[in-house]
Amino acid sequence: MKLITAVVKPFRVDDIKEALRTFGIQGLTVTEASGYGRQRGHTEVYRGAEYQVDLVPKVRIEVLVEDSDAEDVIDVIVKKAHTGKIGDGKVWVVPVETVVRVRTGERGPDAI
Amino acid sequence: MKLITAVVKPFRVDDIKEALRTFGIQGLTVTEASGYGRQRGHTEVYRGAEYQVDLVPKVRIEVLVEDSDAEDVIDVIVKKAHTGKIGDGKVWVVPVETVVRVRTGERGPDAI
Amino acid sequence: MKLITAVVKPFRVDDIKEALRTFGIQGLTVTEASGYGRQRGHTEVYRGAEYQVDLVPKVRIEVLVEDSDAEDVIDVIVKKAHTGKIGDGKVWVVPVETVVRVRTGERGPDAI
Ligand SMILES: Nc1ncnc2c1ncn2[C@@H]1O[C@H](COP(=O)(O)OP(=O)(O)OP(=O)(O)O)[C@@H](O)[C@H]1O
Ligand SMILES: Nc1ncnc2c1ncn2[C@@H]1O[C@H](COP(=O)(O)OP(=O)(O)OP(=O)(O)O)[C@@H](O)[C@H]1O
Ligand SMILES: Nc1ncnc2c1ncn2[C@@H]1O[C@H](COP(=O)(O)OP(=O)(O)OP(=O)(O)O)[C@@H](O)[C@H]1O
Ligand SMILES: [Mg+2]
Ligand SMILES: [Mg+2]
Ligand SMILES: [Mg+2]
Chain A
1 MKLITAVVKP FRVDDIKEAL RTFGIQGLTV TEASGYGRQR GHTEVYRGAE YQVDLVPKVR
61 IEVLVEDSDA EDVIDVIVKK AHTGKIGDGK VWVVPVETVV RVRTGERGPD AI
Chain B
1 MKLITAVVKP FRVDDIKEAL RTFGIQGLTV TEASGYGRQR GHTEVYRGAE YQVDLVPKVR
61 IEVLVEDSDA EDVIDVIVKK AHTGKIGDGK VWVVPVETVV RVRTGERGPD AI
Chain C
1 MKLITAVVKP FRVDDIKEAL RTFGIQGLTV TEASGYGRQR GHTEVYRGAE YQVDLVPKVR
61 IEVLVEDSDA EDVIDVIVKK AHTGKIGDGK VWVVPVETVV RVRTGERGPD AI
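So the protein sequences, as listed, match chains A, B and C. Take 1 as the starting number for the first sequence in the UniProt record's numbering and just add one per residue. Take 1 as the starting number for the second sequence in the UniProt record's numbering and just add one per residue. Take 1 as the starting number for the third sequence in the UniProt record's numbering and just add one per residue.
Same shape as in the complex, but just chain A:
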């Protein structure tokens, strides 16, 4: 299993969620975050305001997936997060050894 984390522009989150649902993803976790990438110091626009400060608001999305879904899920996220402007986001993948679904006690891919 894998944990896919994506840090994206907040206004792209609804489209990303919808595309993940259409793909068949059954769950995800969202956290408010902020950050910067390579153009720190350059301006990045957020809600009409230009951020010259270095920490621009972002949303951090986490999705647990089976190994066989990882590449497709990355593609879905990248496609929907993409605007072509700087600050579009970063996606990374970490190996997961165990997943537990609390209500049922299930473990492994069935628990996702």
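Incorrect hints may appear among the rest.
Calculated pairs, DSSO-like style, for lysine-lysine (alpha carbon to alpha carbon, straight line, at most 30 Å) [claimed, not checked]:
| no. | chain 1 | residue 1 | chain 2 | residue 2 |
| --- | --- | --- | --- | --- |
| 1 | B | 17 | B | 80 |
| 2 | C | 17 | C | 80 |
| 3 | C | 17 | A | 85 |
| 4 | A | 79 | A | 17 |
| 5 | A | 17 | A | 85 |
| 6 | B | 80 | A | 80 |
| 7 | C | 85 | C | 17 |
| 8 | B | 17 | C | 85 |
Rough simulated footprint, nothing fancy, chain A against chain C, three-plus residues with beta-carbon under 8 Å [stated by the list, open to error]:
| no. | segment |
| --- | --- |
| 9 | 25-39 |
| 10 | 94-103 |
The set of hints was computed from the structure by calculation and includes no laboratory data. Keep in mind the model is a prediction, meaning the values are calculated, not measured. Don't be surprised by glycine CBs; every beta carbon is placed ideally from N, CA and C.
Here the structure of chain A is known, so what remains is to put chains B and C with the ligands in place on it, guided by the hints.
Below, chains B and C with the ligands without anything else, positioned relative to chain A:
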């Protein structure tokens, strides 16, 4: 070492923290989050309100543990997070290569 | 590639960010968090207030790095997070299998 992440119902957090302390866990990190699992679209109750919207408030708990504690810590969390109702939570485990305790500079299991 | 996560005192974040920039780190993600370490129950001072409660406000910093930068980046963070007082923080390292830069579609170390 392992990083155990649990996304649980907010009202279960105090009991989970207390049980982890009793078990002997010495530290943890908490983040506000929101998410959905398999019943997205169904209603989930939070603070007396029914959430038909898809992102229900959750708390994300992270616990660094030695390998030999991982299974027990998962059990403690799952037992205390469990209510039997949908949305009880998800727990996952990721391998950790290094841990540093900033004040002392210690590394490895002793740094947890 | 590695994901370095640091949970530190909020007032150390600006110095940490500046030192990481000087080192050459091009991006990072910040999240508000809270937590406790080994002195839970003892007081920890935050903004002039003593926290006897167990969850003290912290900032969670995530930095994706190439393998060869991991040790140096840990050192930079630890040095700048360090005050010598309890609660200085914890840093941990997790392996990363894939990184994608959304705007360009680049993958791997070049995408960091
Ligand atoms: N090395 C990194 N480590 C951790 N998080 C990062 C890193 N780089 C970027 N991020 C996170 O991803 C967000 C988006 O980054 P961003 O899209 O600006 O990356 P970039 O490489 O500068 O690409 P672009 O040139 O398209 O702007 C940042 O605001 C930050 O939260
Ligand atoms: N695949 C997933 N990836 C990332 N986070 C998830 C995933 N599934 C669930 N979560 C997180 O865990 C929280 C709780 O999920 P939930 O307990 O509803 O899982 P479930 O599989 O639907 O189980 P249940 O049938 O008991 O509701 C969600 O709100 C979300 O934050
Ligand atoms: N085992 C752990 N798992 C997850 N997060 C932890 C753990 N221990 C500490 N943390 C996080 O790191 C923060 C700082 O921890 P802290 O510096 O108090 O660690 P410590 O081992 O008690 O060191 P010190 O003796 O210097 O206080 C905590 O507030 C918490 O957010
Ligand atoms: Mg950028
Ligand atoms: Mg559910
Ligand atoms: Mg401490």
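Going down the list of hints, with the structure as the test:
1. B:17 x B:80: holds (9 Å)
2. C:17 x C:80: holds (9 Å)
3. C:17 x A:85: holds (24 Å)
4. A:79 x A:17: holds (12 Å)
5. A:17 x A:85: holds (20 Å)
6. B:80 x A:80: violated (37 Å)
7. C:85 x C:17: holds (20 Å)
8. B:17 x C:85: holds (24 Å)
9. 25-39: holds (count 7)
10. 94-103: holds (count 10)
In this structure, only the earlier hint numbered 6 is contradicted, and the remaining ones agree with it.
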